[in-house]
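Participant: Sequence:
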Amino acid sequence: MFAAYAARIDRDQPLSGLELGERPEPEARPGWTTVNVKAASLNHHDLWSLRGVGLGEESLPMILGCDAAGIDEDGNEVVVHSVIGQSGHGVGPREPRSILTERYQGTFAEQVTVPSWNLLPKPKELSFEEAACLPTAWLTAYRMLFTNAGVRPGDSVLVQGAGGGVATAAIVLGAAAGLRVLATSRDEAKRVRAVELGAEGAYEPGERLPRRVDAVIETVGAATWSHSVKSLKPGGTLVISGATSGPNPKAAELNRIFFLELKVVGSTMGGKDELEDLLSFCAARGVRPVIDSVLPLDRAREGFEKMAGGDLFGKVVLTV
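Sequential numbering from 1 applies to the sequence shown in our numbering.
Worth flagging that the hints you see were computed from the coordinates, not collected in a lab.
Everything numeric in this text was worked out from a predicted model, so none of it was measured.
Yeah, the Cβ is synthetic: ideal placement off N, Cα and C, and Gly gets one too.
Don't take each hint at face value.
Said to hold, decoys possible - Pairs of lysine-lysine, BS3-like flavour, derived with a Cα cap of 25 Å: (1) Lys272 <-> Lys250; (2) Lys272 <-> Lys233; (3) Lys263 <-> Lys38; (4) Lys233 <-> Lys38; (5) Lys230 <-> Lys272; (6) Lys124 <-> Lys272; (7) Lys250 <-> Lys263; (8) Lys250 <-> Lys233; (9) Lys124 <-> Lys38.
Said to hold, decoys possible - Quick list of the computed label-pair ranges, beta carbon to beta carbon: (10) Glu207 <-> Pro93: 33 to 39 Å; (11) Arg29 <-> Gly235: 21 to 27 Å; (12) Gly201 <-> Asn76: 41 to 47 Å; (13) Gly150 <-> Lys250: 16 to 22 Å; (14) Leu295 <-> Glu25: 21 to 27 Å.
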C-alpha cells in the first residue's frame, strides 16, 4: 500500500528522512481493527518524529500520522483515537501508553490498524477531512480549555500563536463555548484571521493586552512564556502543551507565579471520552475545524514543507 513514512532520522533536516512509497499492509491482530483511511491530518508530532523525538532508529521505517478518519472492516465511518494503550485494550497490561507512530505504524497510508476500542463513530455532520483534524490538535485544545484551564462561559482566555493547529482550535472552540478570546501572532494576516474566527482581539506577541485574562493557552514556549505569565489575573491558570520556540524561557517569572498564586498546568492530548465529547460538540454547535489545505497523500511532502515553514493557518489534510 502507498504510504508516507520515516525512513531515516535527521535532527537538523527532518524532511530528508521522509519517503513516499509502498509499505506492507497491516497484519490482522486479535482485538485490533483495520481502517481504510479516507483522510488524515498533519501535526507537529510528525515533524518531531522525523527528528527522532519519540521514535528510535530501531523502529524504522515508520509510517507517520496520528490522526485519521475512514471506514472500518464493517463499513462504519469512524474516527481514530490515536493514544494506544491508554485503557489496556489491545495491548499488554504493562505496556505504557503511546501515540501512534511511537510504537505502531501511523495513518499516512491507505490502511491503518488500531485497537478496536480506539475507534469512535464519525458524526454524519462532519466530512472525513474535518473529522481527521480532531484527534490530536483539536483534542489537545479541548482538554486544555475545558478540563485543565477550567474556564466557564464569560471567562477570558489568551491564546498564544494563532495559526498553529492547537491555537487555532482553541480560538474556535473557546468562542463557540462563550469565552472571551484574545490571541497573538507575529503575522498580521493571521491576527485578522483569528478575529474572523471569533477572537475579540488579536495582538503582536508581547503586546500589552486591554485586560488580564483568566487563562492562557500556551503552545509557543520560550518566546511567549513571560508574556503569558504577565497576562494572567491573580489566581489565573496557564496551560501548556508544547514549546515550539524552545523549552527554556529567559525568565521563568517565578516571583510573579507564587505572589499572584498562579497555576501552571501541563496538558498532553486527551482521552477517548473527551474526543467523543469534542465530536459531539462540533456536530451539535456547527463548529468545524479550520483547514489550511487538502492534498492527496502522494503530495504529502508539500504538506510537511508547509508545516515546517509555518506557512499555514489551521490543519493540512491528506486524502487517500
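Participant: Among the hints numbered above, which are violated by the structure, and what are their numbers in rising order?
Facilitator: Of the numbered hints, 1, 2, 3, 4, 5, 10, 11, 13 do not hold.
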